[in-house]
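Colleague: Use these hints to put chain A onto chain S, whose structure you have.
Protein chains in written order, with UniProt numbering: chain S, 1 to 596; chain A, 1 to 596.
It does not matter which identical chain is used: a pair holds within one copy or between any two.
Simulated pairs of lysine to aspartate or glutamate, DMTMM-like, Cα-Cα distance not exceeding 20 Å: (1) 472 / 495; (2) 86 / 45; (3) 79 / 206.
No wet-lab data here; the hints were simulated from the structure.
The structure presented is a predicted model; accordingly, all values stated were derived computationally and were not measured.
The chain contents come next:
Number of protein chains: 2
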Amino acid sequence: MGQYVAPIRDMQFVLHEFLKVEEQLKELPAHAETDADIINAVLEEGAKFTSEVLFPLNHSGDREGCHHDVEAKTVTTPKGYKEAYKQYVEGGWAALACDPEYGGQGLPVVLNNSFYEMLNSSNQAWTMYPGLSHGAYECLKEHGTDEQKKTYLPKLVSGEWTGTMCLTEPHCGTDLGLLRTKALPNDDGSWTITGNKIFISAGEHDMSENILHLVLARVPDAPEGSKGISLFLVPKFLPDGNGGIGERNPIFCGAIEEKMGIHGNSTCQMNLDGAKGWIIGQPNKGLNAMFVFMNAARLGVGMQSLGLTEVAYQNALVYAKDRLQMRSLSGAKAPDKPADPIIVHPDVRRMLLTAKAFAEGARALTSYVALQIDRELNHPDEEVRKEAGDEVALLTPIVKAFITDNGWIATSEAMQVFGGHGYIAEWGMEQYVRDARINMIYEGTNTVQSLDLLGRKILMDNGSKLRKFGEKIRAFVEENGTDEAMSEFVTPLGDLGEKVTKLTMEIGMKAFQNQDEVGAAAVPYLRVAGHLVFSYFFAQMAKIALEKQDSDDKFYKAKLATARFYFGRLYPETAMLIRQARSGASNLMALDADLF
Amino acid sequence: MGQYVAPIRDMQFVLHEFLKVEEQLKELPAHAETDADIINAVLEEGAKFTSEVLFPLNHSGDREGCHHDVEAKTVTTPKGYKEAYKQYVEGGWAALACDPEYGGQGLPVVLNNSFYEMLNSSNQAWTMYPGLSHGAYECLKEHGTDEQKKTYLPKLVSGEWTGTMCLTEPHCGTDLGLLRTKALPNDDGSWTITGNKIFISAGEHDMSENILHLVLARVPDAPEGSKGISLFLVPKFLPDGNGGIGERNPIFCGAIEEKMGIHGNSTCQMNLDGAKGWIIGQPNKGLNAMFVFMNAARLGVGMQSLGLTEVAYQNALVYAKDRLQMRSLSGAKAPDKPADPIIVHPDVRRMLLTAKAFAEGARALTSYVALQIDRELNHPDEEVRKEAGDEVALLTPIVKAFITDNGWIATSEAMQVFGGHGYIAEWGMEQYVRDARINMIYEGTNTVQSLDLLGRKILMDNGSKLRKFGEKIRAFVEENGTDEAMSEFVTPLGDLGEKVTKLTMEIGMKAFQNQDEVGAAAVPYLRVAGHLVFSYFFAQMAKIALEKQDSDDKFYKAKLATARFYFGRLYPETAMLIRQARSGASNLMALDADLF
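Next up, chain S with everything else stripped away, as it sits in the complex (with noise of 0.2 Å):
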């Protein structure tokens, strides 16, 4: 059932030579100390936990899904699964990225990241278990009071204890500001949170002792709308205040969905009749409180696209490589044998190139922002802190968006390599596209994820985080514009930069006018917005290839090739978007939503 090897030399390409992240990590004091030696043996066992014991699993959890005891109200996962989780506590991997006051190791993120990519690319319905629980714990690490973090942060660094969010109810998912679950104080300082959850990826399970909840909930007299949202902590069971488990709380999960993919991650209704908990932050501040946990899954579900982008390709390459079929055009290539090997024919390379530079962008994208976050969280100077979180919140809706819709039309032409081959679910192809569809949909619709790059990350902000960004290319493109075998590369990004300034003022002088206008241009707009980044991405790790390659190392020749497909046949599409932005909402509300 396919294969999965771990890209650890593109990885190392990415950190090492396009990032040069030990040099980078120099600055920052907690990572000083993390060398080259440290970050390759992370990738060396990582590709061994992630290749040898969750990409096994990966299908036959598909095929087998969860399991709902309605009696027993209990949830149980894919067999493999609980004992695979087991191997990843003891190998202490939830605890990587972790601070080490909590038991953590205190690795960067730019590491864990790299991790995480080989986490989704061999399961991503699994990883999304231990994923939640990463999130949860900065949620709490950020806005818990001393006490909770003291009771749970272990627990998650740890992974004895997992974590979820439960944000959804049956009549609102983007519009959290609906939401009806109310919390009632006790007078102990703990509430009694009553209603219902839908959509609770990871909800209910049998991998971990403990779930602990974080749950947006209305308190008494609360303000209508997103200004009156609580969050609380809830946990499964009540910690018995010696670092074991109590009480069951009354969270229990009524139902698993039967969904498109993903099939091994119980997606659960969940039912809170009068369960305890303990409000996170202040009272009404909520939402704040959950867009840490939002960010960082948001980032999350980006990787889980480049996880499955590559592992896809992967399968398809060897298919390629292997599979007879027709003679190339321009004359037989194999001809001892009765047909040649699809790799021959362009459209099939064209379907290989387009998976693997999505990969590759995606991997440079994804890693840069994992730095960034390091150098926020850690830099001394509070101004470069503050520039890298703004970097941050400006490529965060990109690595959504961008890398999920890239997953899904990369994923697609991986599973068409194969054929009627790859409908059949037994060769896996398949399950990568429909696990693939999710990504693009939670964590904020990737429209959702436009609105915020357009409206909030830039317009609101004056175009002033994306002016910053665009210095830094417009630098580069200085730099190397002079040098001929760059221009390939300097000349479209370039020219790219200038049409993304261009475009931004004119949708910001239409969205005085009217506001619709940004919402119907923010879609295609962020697709620009991502060839941009990538764009430039591609075009520095062109410069590097090119002066690497006449080495015996033939990766150089390789990546070269990937960033004149990336330019020749994916870059284009800047040229369809530009036109879709620029036309306007009133193609789109002209007509009455009767006549439609």
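Modeller: Frame of chain S; chain A shown alone:
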């Protein structure tokens, strides 16, 4: 579980106003009597049958799938399928567009086409059973002996017996020249056939008394490759000579495939263990005969995605009007409600209009092609028949590939309108996406279609079919170029026409040097050609709508808005595609296979 209402009003617009079928059919003696009343009556009845009988089985059939009894070697279709098929046969639907000589109703293909759209909207998996039978009918009618026709056609026409096409083998799909199934001649003129076929849609089932398999195989001493393939008729039960069935023929289902979608259709591995068959046409000319079937099937696959696009659109529209979430950016539109219906949001409209425009464009295109088939088959003037046949040949790969790619996009956008609910099986939207995915693969992958279009139908033909179609477009542009109201449609149409001409010549020149240039350009080229056709048809439809936009029938306002959306938001894809097609083969072929 959703809804389906046949889009009769738009079908009538296409048939009566856009194509003026009544007038057109008067030129064809066989159909001269088919007037608007007959057409409208069939549409009404077809709408009832498909929405009341087939649509309710669509979701349940997907969840249940087919059952293979390994011992008994039988396949049982999902609950209700068999009974629905009985109603279909009793209603005479199988006979709709069949020759009265064999019991058919002799109605035109263009009307059958609309009925097939309804069938596919209601239930693609179910429709494949009669759909394949109709293909077998056409193949036998064209290439069968008089005795074969007499024995089998009435049974296919009535629907008592169904048909299949058995092409693919484990080691060959696209490359049928590699196939290994063997046919040995018997003394009585029959053949004994042995081999293994895979991916046989409707290969075994319980819906009809008998199944007629059209099987590709090799006769002794056949030339290698595709010039050594013969076509055989292999019935599941041998006919008893009196219109009934006799002995069971050893062609058995070995397994049914687990697939991504179309679960209601039995996709079988078929084992022929010395099965008795009769040759259709001449030995070693089997592919020619099968092409009749395959061309019909390719158009049929386009219809499948049109059907899915329409039904996905309808359900997304209902949801978008009903679901309340967030306020319009340009001010509350339903201030009396807790939030606005999501159809107020520009990007939700973009998704809806994408599906709507793709459905309406595909409806115009497939109906146009169907009418050309009627003209090809029945026009008294040989010249007209040939011209119509040329257009059908040119447009068939566009119908297959362009509409199915669009269907994948459209069903996915329609699903996205539902947010998280789209990913849940219960709502039915994810099924449309899964079902739509196969249409890009079977009956020749979309890559194969694009090579057929650019290589075979255009370059090998020295562009003559394309030129003739282009002349119609140029005439339309000239005729309407001075009409100011039409300029928003005619200008981009004329522009694209010129670009296609230029692009075609450019690729043709490059192909002289390197045949891989054809393969490298073909896929984006086909989509450019698809947009040229859609632009032409939307411009024509806009013209009709402009003339009637002040009528009380708001339909024309909606049509005009859809055409404007098409040119504003979908047509810009051509800017990307042309750049991709022109970027040439080198960005695909440069990388050694080992360096991927």
